[in-house]
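Here are the chains, one letter per residue:
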Amino acid sequence: MLIQERSRPGRRAPTQAPLQTPKLPDLPSHLCRTQRPALPEVSELEVMRHYTGLSQKNFSIDTHCYPLGSCTMKYNPRVCHALAMLPAFLSRHPLAPAEQGQGLLACLYELQEILKAVTGMDAVSLAPAAGAQGELAGVLMIRAYHRGRGESQRTEILIPDAAHGTNPASAAMAGFQVREIPTGPDGDVDLAALRSALGPKTAGIMLTNPSTLGVFERNIRAIAEAVHGAGGLLYYDGANLNGILGQVRPADMGFDIVHVNLHKTFATPHGGGGPGAGPVGVRAQLAPYLPVPLVERTADDGYRWLTESDRPQSIGRLTAFGGNIGILLRAYVYARLLGRQGLSRVAEFATLNANYLLARLRSAGFTLAYPTRRASHEFILTLKPEARAFGVSTADVAKRLLDYGYHAPTTYFPLLVPECLLIEPTETESKQTLDGLAEALIAIRRECVENPELLHNAPHHLPVSRLDEVHAARQLDLAWRPTVGEGSHG
Amino acid sequence: MLIQERSRPGRRAPTQAPLQTPKLPDLPSHLCRTQRPALPEVSELEVMRHYTGLSQKNFSIDTHCYPLGSCTMKYNPRVCHALAMLPAFLSRHPLAPAEQGQGLLACLYELQEILKAVTGMDAVSLAPAAGAQGELAGVLMIRAYHRGRGESQRTEILIPDAAHGTNPASAAMAGFQVREIPTGPDGDVDLAALRSALGPKTAGIMLTNPSTLGVFERNIRAIAEAVHGAGGLLYYDGANLNGILGQVRPADMGFDIVHVNLHKTFATPHGGGGPGAGPVGVRAQLAPYLPVPLVERTADDGYRWLTESDRPQSIGRLTAFGGNIGILLRAYVYARLLGRQGLSRVAEFATLNANYLLARLRSAGFTLAYPTRRASHEFILTLKPEARAFGVSTADVAKRLLDYGYHAPTTYFPLLVPECLLIEPTETESKQTLDGLAEALIAIRRECVENPELLHNAPHHLPVSRLDEVHAARQLDLAWRPTVGEGSHG
Amino acid sequence: MPFIPHTPEEIIEMLATIGVSSIEELFDEIPAELRLKGLAGVPEALSELEVTQLMQARARADQPLINFIGAGAYEHHIPAVVWQLASRGEFYSAYTPYQAEASQGTLQVLYEFQSMMVALTGLDAANASLYDGASALAEAVLMAVRANRQTRSDQILIPRALHPAYRRVVRTLTEPQGIELIEIPYDRKTGQTQVEALAATGIEECAAVVINQPNFFGVLEEVDALTDWAHAHQALVIAVVNPLSLALLKPPGEWGNRGADIACGEAQPLGMPLSSGGPYAGFMCCKLGHVRQLPGRIAGRTIDRAGRSGFTLTLQAREQHIRRGKATSNICTNQGLMVTAATIYLALLGAEGLARVAAACCANTSLLAERLSAIPGVGPCFTGPCFHERVLHLPVAVPVVLETLAAEGILGGFDLNPDYPELGAAILVCATELRTPEEIERYAQCLQAILASQS
Amino acid sequence: MPFIPHTPEEIIEMLATIGVSSIEELFDEIPAELRLKGLAGVPEALSELEVTQLMQARARADQPLINFIGAGAYEHHIPAVVWQLASRGEFYSAYTPYQAEASQGTLQVLYEFQSMMVALTGLDAANASLYDGASALAEAVLMAVRANRQTRSDQILIPRALHPAYRRVVRTLTEPQGIELIEIPYDRKTGQTQVEALAATGIEECAAVVINQPNFFGVLEEVDALTDWAHAHQALVIAVVNPLSLALLKPPGEWGNRGADIACGEAQPLGMPLSSGGPYAGFMCCKLGHVRQLPGRIAGRTIDRAGRSGFTLTLQAREQHIRRGKATSNICTNQGLMVTAATIYLALLGAEGLARVAAACCANTSLLAERLSAIPGVGPCFTGPCFHERVLHLPVAVPVVLETLAAEGILGGFDLNPDYPELGAAILVCATELRTPEEIERYAQCLQAILASQS
Ligand SMILES: Cc1ncc(COP(=O)(O)O)c(C=O)c1O
Ligand SMILES: Cc1ncc(COP(=O)(O)O)c(C=O)c1O
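For the record, the sequence lines run as chains A, B, C and D.
With the first letter of the first sequence counted as 1, position 358 gets the number 358 in our numbering; the numbers rise by one all the way through.
With the first letter of the second sequence counted as 1, position 452 gets the number 942 in our numbering; the numbers rise by one all the way through.
With the first letter of the third sequence counted as 1, position 95 gets the number 1075 in our numbering; the numbers rise by one all the way through.
With the first letter of the fourth sequence counted as 1, position 160 gets the number 1595 in our numbering; the numbers rise by one all the way through.
Just chain A, with the same shape it has in the complex (with noise of 0.2 Å):
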């Protein structure tokens, strides 16, 4: 039931709102409106238990073992959000003068050097609001780039076909035109078909290393060096620096741009969609493009905001005030709790995680999509077997996993693989889990075998069945409207 169909006209929670009317104010009425808007009329009790309910269907992290590769759920320690949330931060103005920030700006300026720390970079940026933001961000820092040297010429980005959706998107946006670059047998990228697209066009490369694929790329030096050979740059897209962190830094293996998703290898919370944040790092010749606001900090070990003024060349502002501020709070104190060794081991142990569910489920004969490789933090299956012999899907095997306890990985990306599963189980899990998750899928996959409508039908113990998208995509049914008479008592 909707929080709208609970509603009865007259039913209020009114100690939220002032209690005296207020004289309504003086507007003009042809500016004003004539009917109440829709809102649902509830009590408090109400929305506690509507919405306590809703959140009892969700899987979470807190819930579940959430393996959605590429995403990195990870567990969100609860301190960062209790810190994030003291009420000093939370009641601050974005416009107070920064001597009224201090403490929070000399926590953002901190992170600013941990993440000049674990990418390479010389300079970093905190403004993008999530990953897509920071690409937006590295793009725009690229074209502002060739056009200060006078090459606005180049306006091709190069995109491994196995990249995210983002990654074309967000080139897209910044005006570029998108070259697909072909991924080789093993998962590297196709160095011959790279080369041959490298030309005076090229203004860089997006690549996440390791790759969605799941395998560290291995040529990566021969990719930059070919990319710079020709006048491009390299753009690193920190998706999957949970794989990496503390072992080998984007700067190191020739990238010039760099942005990291907090919110996957910082372990600040997804909540179901976002917010995340999406910080950009870049090398020191791109520095003074970086989108505004930055941390500086002042000669008297204070710190100050730089904005537009102070930085003339910058490719500009992404949001009106600094970013996701709450976010980036809770990956300084995650950084500051796990310390240098501890963001070290989180690789480590991400990559222990991913090898030991790819060497239990190879050997239950599952199918890897690079058997040759080493997984990196994340590895794929392909199903194109089971769905060949069993006429089952990778929709069927994900939505029959919900019912044993866990969420499904990644299903049907990277696009390049067919039936695929990208797992990505973090460092978090424990090996108990792992075991769980192997077992179920190994079931699951002997009821292909044995019972496959079993899957086609599946979820069976959620709180729905298996929901038709494609009637949702053509009868659209995009909000709830109130039945003449509602909504209208005003």
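Just so you know, the hints here were simulated from the structure itself, not pulled from any lab data.
Here the structure is a predicted model, which means the values were calculated and not measured.
Be aware that a few hints might be false.
What the hints assert, rightly or not - Only pairs whose alpha carbons sit at most 27 Å apart, straight line, appear in this in silico DSSO-like list of lysine-lysine:
id	chain 1	residue 1	chain 2	residue 2
1	C	Lys-1306	C	Lys-1267
2	A	Lys-57	B	Lys-547
3	D	Lys-1761	D	Lys-1722
4	D	Lys-1761	B	Lys-691
5	C	Lys-1306	A	Lys-201
6	B	Lys-606	D	Lys-1472
7	A	Lys-116	C	Lys-1017
As the list claims (entries may be wrong) - Here are some of the chain B residues that sit facing chain C, going by a computed Cβ distance under 10 Å:
id	residue
8	Arg-501
9	Thr-505
10	Leu-535
11	Met-538
12	Arg-539
13	Thr-542
14	Pro-567
15	Pro-577
To be verified - Reference listing, derived: stretches of chain C covered by chain B, where coverage requires no fewer than 3 residues with Cβ under 8 Å from a Cβ of chain B:
id	segment
16	982 to 995
17	1058 to 1065
The C-beta atom is built at its ideal place from N, Cα and C for all residues, glycine as well.
Given chain A's structure and the hints, the job is docking chains B, C and D with the ligands onto it.
For chains B, C and D with the ligands alone, kept in the frame of chain A given last:
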């Protein structure tokens, strides 16, 4: 699975404790333990998932209608929790000076005043930690009062048979003999029996009004006169105050002492068993005996604690410090939110809800225990007819109601009504919820006829089916124990 | 090992199952010369206690001032229920609802949120959020250019009386796609953007006209006339609105003869703390005909195999993970948890509650403006009707006044001079429902004293 | 109507169903002369915003001092997880688990808690909490008198080195049942309760001996000898212990030759905030043979109809709702939510974490005592080994010292003089793992300055 069973030797949530193993203190070895206690060794994520999962197995106000008679399970406003958890309140040491607690003491003092207003009493102590401790404090004051007047022969407390078990238990703890008074056929105390029980040994009477039979004791003035006439005192068990809040005051009925269950009438949470708070109020002549500490307003408009030295006649101290302060703060916030009119409305709508539900169930054929009486804020059904005709028990009906998504009413209490259900919807439930509850009970009554087996084996849709209480009491299993070898790696 | 559950025995077992002898070996595909030896530059780990003490100390340094600034971020009372519910792990630690059946909680919240935004704006459809109000406007501009089939113009008329930061963000995000922003001046007397000023551009047709209601100065625009002018010039109308104001003001869907085509704005006033600027949430609504150009996630109602109603992400063919370079936007992660908070906030308040909050803000700001205007040299800059913000001119330069007020614990307003030098010494002030008469009086007395000492 | 969901139409419908014309009529059984006309004396309602501002202002008045007091309530770090989980509505707003099938969450938590207390104390069974440590001790005394079948004595030996408030509470709650408390002095040199002092009572047999480890002075008792003496005199042994200390100290179940019979104490150090004294939680454990005399709720493991394991309240025949006047106690509502917090706390910390916290407290208190004892005139009162509290004598009267320290933001210790005049000017201090070396140094310097100015 128990948290202990998730344990693996050597696993820890290490950010929670000091990181450096501090130098072990220099304690005499014969006073130290040789084996580590068998506490769980789990990660923070495991703790999060384990207890999140357990919580989801509970019915609670925030998830279900919980019409548990005599328990007043109303909505617990969340702002009460938020404000009682303000860091300054949480971190104050109980032995900190009153100067560093004027904010807190102001709240407590005003709560004392509010409780005086709603009970009509002359003085209030907030010390008792729950209703039963309030009762004990009350009967100890009765004892002190009679002793103070040289009447220590008054060793008997009269208690109606409908009373809650804590009443006789509290009287016994205070060293009194309990004399049970029968109830008349219409739910009022048997006046003749009461009169004949009164005498020189009478110390007082403990009464709940409205009684636990869900009716208002109409002869309360006559009872008060009789008891006072015999030299006894009247104790008001405030568990049912929700039914008369702002409508009639215990003092006006003739009571000398009252306790208030803040975790019922003042909407503080019950927390799966507590904590509660059971302030006691008394008439002026009993004020010197109130338990310590109390809050006093000082000449300079400040506040201070009154303790043993200020109150030499006090019955004494009930807990080490001042009782359940955090709960008192929640009750204070609740009282301020509702205010004068809001508090009176509580009883009005609690009574409306009970009488409406009664009317619906009566017209559906259920049998009322006191059919000639108005319901107070709760009422009693007896399932004796259904039990006889179809072989179902009250427990069967209660368990089946859980399947319908409603917590069961109180069962088998009061003891004098056979196969009874004591139903208290409270004022915060909506008409829609009451209609749903009525329809569920009506449907179950139909099931009694059509399919009594369904009831015998209920519940069917809960995490466990009917639990064996006899097995629990015979094969005592009160604590998990490590199998040999566990819990000894220290 | 913080947050890593592996015991030494388990690590050995796992390595054996993999068939390697050390974790190090798992990184053997990384060229050896690139391998890092430790994260120098990152401090050593702290315990939870230590990091708590650190952050508490930092928070103590940032004790809040009494806030009289709005300017795009508004301090409202947030009922305790909002974040106690939104912080529940099942909302907080879920991902984007890719597996609909395992995410009905989040999906239904999104659907309810969309329904509420539709109710407030009077349009047909809403998305499930964008990053913030400013980037939402930028997306709306890009959307309008795509959606406007009546003209091939890339020109957008954008009022100077729109938040300067919004104008900057729109520039950052639309300039690479060759969109031309034409700034429309405001009337120096009323503070309004007038139809005459639109006409004065001499433009025959354009892709869209941005209308900001209330505008950055808190002044109410004549939205009907502006909307009709735009439609007469083949332009789509993009409404930029404060959702709280829509409790009282005419919804964009009813502006002019045909209503605005797109409405967007900042949802922060609906239950989100100020938090120095974020996370907030942008929202966007549109007419049904434009829904396939709407950026961002959209939840839809559908049915399951048993015919029961349920929710799923829909119209994904607009999105980057399907359409890649041709998507309506690159946005992926949005501001989901903020939307959860906004939904709970709106459910608690209802239309009546929201109207009361809005009215209380109006009344408080009026009181503030009156009280301050009683001080010699201080007075309103504009004559147009206002919602809950006001522009006041001061008799002396603004920065020193605001600094002195800050030292007194008062955040006295937003200095308009850097962005609007034509206004001279002027501040934008706001008093939400949180501000008490005593605080307003305190502000007035401080300001009076400061001005007296300045002259 | 705050928290009341009824609409005007619904009220009319409901009254019609009942067959009355007004709510007032529903109260017609109450004698008219008793009916109240409005709650004079209760203030008018406030909005959530107003009450929030009120409480925030009151909290501001109570800004905490740097705390060097223990004395029965200890300031420890509480991991953020603890209360974020315990505050979940399903725990927070449930009742006592009377319907076991609908309360498996709460019941399993209780069972886990009991298991943890059994692990810490080395006894066989535990209850699901009592109000606090002091009332738990009173209940233990009553229990011991019931449980001791070897003697009919009503005498209890209780150390003077036990918390004075505990002794008062025990007196309040046991005196009505005719129990005689005999106070055992402590040794003025070591601060310990010595077997000789027990013997010196001349008592042949008694119901129970109370042994407090560590005692109120923070001093460790020779628990083995005391236990054996008690058992030799037909007495049961009641251990009063700080559960944190049991991470390091010998569990009561192993004291002497036969172990203590009952252990009780205050669970506050396990994840409960100081909160000016409550809510905390008393715990109680005992040997299996005494379990039917144990007061309070007990959760037990059992099976359901399908043979699956599940949990239920058990041994209810001990309780007031069954046994009424003959129950083991009158307790009904206990401290369930606090137990939930304690269980989560112990699960997070584990044996190793708990030992680290305990060791850090010991180390910090040692540092504090050493540093303060370096000040002329200040020094330890006792020579016995200590856990995490110390008694220090001062060269001047205590109250003025503590007041001056408080003015400096320091809560300097508990003044022992009113309860133990024989100690002269003496304070009980404690430095938990929260206290930093800087804070300890700051205390020392303030104290030094105060004493210098006093002399
Ligand atoms: C590989 C990759 N790149 C980019 C993104 C986009 O990041 P965000 O969702 O933070 O915008 C994602 C997130 O799913 C990703 O997995
Ligand atoms: C009528 C009655 N009296 C007394 C009590 C005991 O109160 P408490 O549980 O707060 O100790 C109760 C609680 O259940 C009750 O219903």
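Going down the list of hints, with the structure as the test:
| no. | hint | in the structure |
| --- | --- | --- |
| 1 | C:Lys-1306 x C:Lys-1267 | holds, 22 Å |
| 2 | A:Lys-57 x B:Lys-547 | holds, 13 Å |
| 3 | D:Lys-1761 x D:Lys-1722 | holds, 22 Å |
| 4 | D:Lys-1761 x B:Lys-691 | holds, 20 Å |
| 5 | C:Lys-1306 x A:Lys-201 | holds, 20 Å |
| 6 | B:Lys-606 x D:Lys-1472 | holds, 16 Å |
| 7 | A:Lys-116 x C:Lys-1017 | holds, 16 Å |
| 8 | Arg-501 | holds, 5 Å |
| 9 | Thr-505 | holds, 5 Å |
| 10 | Leu-535 | holds, 7 Å |
| 11 | Met-538 | holds, 7 Å |
| 12 | Arg-539 | holds, 9 Å |
| 13 | Thr-542 | holds, 5 Å |
| 14 | Pro-567 | holds, 8 Å |
| 15 | Pro-577 | holds, 9 Å |
| 16 | 982 to 995 | holds (count 9) |
| 17 | 1058 to 1065 | holds (count 4) |
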